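Undergrad: Residue numbers (the numbering used here), protein chains in the order written: chain R, 1 to 109; chain Z, 1 to 109; chain L, 1 to 224.
Simulated from the structure, these hints should not be mistaken for lab results. It is possible that some hints are incorrect.
[Claimed, not checked] Quick list of the computed label-pair ranges, beta carbon to beta carbon:
1. R:26 to L:166: 50 to 56 Å
2. L:167 to Z:90: 55 to 61 Å
3. L:27 to R:72: 39 to 45 Å
4. L:58 to Z:16: 29 to 35 Å
5. L:166 to R:77: 29 to 35 Å
6. Z:85 to R:16: 51 to 57 Å
7. Z:90 to R:23: 40 to 46 Å
8. Z:59 to L:191: 40 to 46 Å
9. R:37 to Z:87: 20 to 26 Å
10. L:104 to R:62: 44 to 50 Å
[To be verified] Straight-line C-alpha distance at most 27 Å; calculated DSSO-like pairs for lysine-lysine:
11. Z:81 to L:202
12. R:26 to Z:81
13. L:144 to R:76
14. Z:63 to L:73
15. R:26 to Z:80
16. Z:60 to L:144
17. R:26 to R:39
18. L:202 to L:102
19. Z:80 to L:48
20. L:73 to L:48
21. L:144 to L:214
22. Z:60 to Z:81
23. Z:63 to Z:81
24. R:14 to L:87
25. R:39 to L:73
26. L:47 to L:214
27. R:39 to R:76
28. L:202 to L:47
29. R:26 to R:14
30. L:202 to Z:80
31. Z:81 to L:214
32. L:47 to L:144
33. L:100 to R:76
34. Z:81 to R:14
Everything numeric in this text was worked out from a predicted model, so none of it was measured. From the three backbone atoms N, C-alpha and C, an ideal C-beta is built for every residue, glycine too.
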Amino acid sequence: MTLKNANQTQLRFKARDPVLVLDMDKAGHVRTPFYVRRKIGEVIDFRGYFLNPEELSIGNTAGPAVALYRVRFMMKDLWPNYNLDRTDVLCIEVYDHWLAPIANDEARP
Amino acid sequence: MRGYHDIGGDESGPIPMAEQPWQHWEKQTEAVRNLLGDSTRRVLSLDELRLGFESFGIDKYTKYSFYRRRLEAMIDSLEKKGFFTRVEIEQELEDIRARWVDPDSCKKA
Amino acid sequence: MNPTQRPHEHTHSHEHDHEHAPQAVEDGQSDVDGQQLVDALQAVLIKKGILSAGEVTLEIQNLESPGTHLGAKLVARAWLDPEFRSKLLRNGKDAAAELKIKVGEAQLVVVENTATVHNLIVCTLCSCYPRSILGQPPSWYVSKAYRARAVREPAAVLAEFGLDVAADVQISVHDSNADMRFLVLPQRPANTDGLSEESLTKLVTRDCMIGVSKALDIPMNFTR
Numbered sequence: 001m002t003l004k005n006a007n008q009t010q011l012r013f014k015a016r017d018p019v020l021v022l023d024m025d026k027a028g029h030v031r032t033p034f035y036v037r038r039k040i041g042e043v044i045d046f047r048g049y050f051l052n053p054e055e056l057s058i059g060n061t062a063g064p065a066v067a068l069y070r071v072r073f074m075m076k077d078l079w080p081n082y083n084l085d086r087t088d089v090l091c092i093e094v095y096d097h098w099l100a101p102i103a104n105d106e107a108r109p
Numbered sequence: 001m002r003g004y005h006d007i008g009g010d011e012s013g014p015i016p017m018a019e020q021p022w023q024h025w026e027k028q029t030e031a032v033r034n035l036l037g038d039s040t041r042r043v044l045s046l047d048e049l050r051l052g053f054e055s056f057g058i059d060k061y062t063k064y065s066f067y068r069r070r071l072e073a074m075i076d077s078l079e080k081k082g083f084f085t086r087v088e089i090e091q092e093l094e095d096i097r098a099r100w101v102d103p104d105s106c107k108k109a
Numbered sequence: 001m002n003p004t005q006r007p008h009e010h011t012h013s014h015e016h017d018h019e020h021a022p023q024a025v026e027d028g029q030s031d032v033d034g035q036q037l038v039d040a041l042q043a044v045l046i047k048k049g050i051l052s053a054g055e056v057t058l059e060i061q062n063l064e065s066p067g068t069h070l071g072a073k074l075v076a077r078a079w080l081d082p083e084f085r086s087k088l089l090r091n092g093k094d095a096a097a098e099l100k101i102k103v104g105e106a107q108l109v110v111v112e113n114t115a116t117v118h119n120l121i122v123c124t125l126c127s128c129y130p131r132s133i134l135g136q137p138p139s140w141y142v143s144k145a146y147r148a149r150a151v152r153e154p155a156a157v158l159a160e161f162g163l164d165v166a167a168d169v170q171i172s173v174h175d176s177n178a179d180m181r182f183l184v185l186p187q188r189p190a191n192t193d194g195l196s197e198e199s200l201t202k203l204v205t206r207d208c209m210i211g212v213s214k215a216l217d218i219p220m221n222f223t224r
């Protein structure tokens with residue numbers, strides 16, 4: 001359900017932007033797993049607008065739709081003691097309201 | 001609060017490789033859920049189902065198999081919405097159990 | 001594990017032609033319980049006029065029909081046709097539609113294995129999987145162990161499946177947590193030039209499209 005004519009200048013993020021995943025204290029059905037919260041990754045791409053599963057899970061189907069991004073993390077940034085000989089990555093979908101921008105010079109802690 | 005289903009990164013043992021056949025009742029459970037969520041009914045969405053088994057409590061969640069969790073979550077959710085009562089389900093179950101024939105007893109007859 | 005007879009009478013009102021032959025099941029009682037409970041639910045829903053038995057039967061058939069063969073067709077075509085491969089990587093759902101394969105999920109993202117990247121798919125939160133083209137996921141895919149460990153120690157997980165991935169190959173793990181569904185486009189096995197698309201599909205397993213193995217090598221006696 002990508003809006004092909006979506007005005008991409010209205011999107012908060014674009015490919016390669018560094019982003020922080022927020023750790024919001026939200027009860028109910030959320031699709032942002034704990035293991036990526038408070039972690040910094042890089043936007044891969046914008047995947048389209050979707051209805052928010054947090055709302056859908058309680059029967060609210062009226063919207064608004066939320067921008068969905070794919071974000072990439074270095075495994076070594078997610079897990080302590082990850083094998084540093086490896087360059088493995090984790091890619092995951094994150095809804096717009098779970099992301100905060102990071103200035104480029106803050107990107108690597 | 002982290003849901004008990006949110007297990008990415010948790011310690012866990014070896015992966016159980018033995019493949020379990022897809023049982024008829026499991027297919028039937030999925031079929032019923034799909035129909036309930038279709039555009040002619042919109043009675044139960046996937047996100048509502050997920051909220052259902054994410055809210056069971058850890059005991060019920062760990063006690064039941066994957067498909068049984070979905071079946072239980074469906075029943076809980078539909079009951080909450082007022083489609084039927086647990087009593088009606090129990091009564092139907094009683095009838096079904098009364099009619100259920102174990103094949104061993106047939107062999108002896 | 002004791003073979004357990006399935007009850008030979010089911011009280012559903014719809015017809016189905018699964019066999020009632022004895023099957024070895026891990027726990028026959030929980031299957032009986034499950035069958036009775038879903039029958040009860042279905043009966044109540046029918047009484048309330050929400051469902052009909054015939055449509056449940058039809059939907060079961062719909063669920064049974066997709067299988068690895070659909071994904072394998074996408075892979076084999078991509079191996080043979082570079083233009084199709086590009087389309088598949090750009091938009092899996094659109095590309096599948098060209099082959100008259102309907103992807104039921106919101107989007108299909110096809111990720112390509114190369115000499116330097118190996119992809120692995122998981123859903124840590126539940127069991128999201130491209131069911132409309134691969135059918136049901138294997139039980140290990142929905143197991144706690146796979147869901148917990150694939151995102152934490154993918155190399156070790158792959159080793160359990162018998163696949164060693166060198167340290168200079170990047171493992172890219174995709175957690176299918178929202179609206180995308182993923183399919184791995186495995187590398188084309190060596191010595192397969194000249195094989196037909198149909199022959200190539202035989203080398204494509206479910207597991208290599210999830211990412212826990214590579215596509216099959218051609219067997220010695222493979223007829224071209």
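Undergrad: For every hint, state whether the structure bears it out.
TA: Checked hints:
no.: 1; hint: R:26 to L:166: 50 to 56 Å; verdict: violated, 40 Å
no.: 2; hint: L:167 to Z:90: 55 to 61 Å; verdict: holds, 57 Å
no.: 3; hint: L:27 to R:72: 39 to 45 Å; verdict: holds, 41 Å
no.: 4; hint: L:58 to Z:16: 29 to 35 Å; verdict: holds, 33 Å
no.: 5; hint: L:166 to R:77: 29 to 35 Å; verdict: violated, 22 Å
no.: 6; hint: Z:85 to R:16: 51 to 57 Å; verdict: holds, 54 Å
no.: 7; hint: Z:90 to R:23: 40 to 46 Å; verdict: holds, 42 Å
no.: 8; hint: Z:59 to L:191: 40 to 46 Å; verdict: violated, 54 Å
no.: 9; hint: R:37 to Z:87: 20 to 26 Å; verdict: violated, 42 Å
no.: 10; hint: L:104 to R:62: 44 to 50 Å; verdict: violated, 24 Å
no.: 11; hint: Z:81 to L:202; verdict: violated, 47 Å
no.: 12; hint: R:26 to Z:81; verdict: holds, 23 Å
no.: 13; hint: L:144 to R:76; verdict: holds, 22 Å
no.: 14; hint: Z:63 to L:73; verdict: violated, 39 Å
no.: 15; hint: R:26 to Z:80; verdict: holds, 22 Å
no.: 16; hint: Z:60 to L:144; verdict: holds, 15 Å
no.: 17; hint: R:26 to R:39; verdict: holds, 17 Å
no.: 18; hint: L:202 to L:102; verdict: holds, 21 Å
no.: 19; hint: Z:80 to L:48; verdict: holds, 15 Å
no.: 20; hint: L:73 to L:48; verdict: violated, 42 Å
no.: 21; hint: L:144 to L:214; verdict: holds, 23 Å
no.: 22; hint: Z:60 to Z:81; verdict: holds, 21 Å
no.: 23; hint: Z:63 to Z:81; verdict: holds, 25 Å
no.: 24; hint: R:14 to L:87; verdict: holds, 22 Å
no.: 25; hint: R:39 to L:73; verdict: violated, 38 Å
no.: 26; hint: L:47 to L:214; verdict: violated, 49 Å
no.: 27; hint: R:39 to R:76; verdict: holds, 11 Å
no.: 28; hint: L:202 to L:47; verdict: violated, 46 Å
no.: 29; hint: R:26 to R:14; verdict: holds, 26 Å
no.: 30; hint: L:202 to Z:80; verdict: violated, 48 Å
no.: 31; hint: Z:81 to L:214; verdict: violated, 47 Å
no.: 32; hint: L:47 to L:144; verdict: violated, 37 Å
no.: 33; hint: L:100 to R:76; verdict: violated, 41 Å
no.: 34; hint: Z:81 to R:14; verdict: violated, 41 Å
In this structure, the hints that do not hold are numbers 1, 5, 8, 9, 10, 11, 14, 20, 25, 26, 28, 30, 31, 32, 33 and 34, in rising order.
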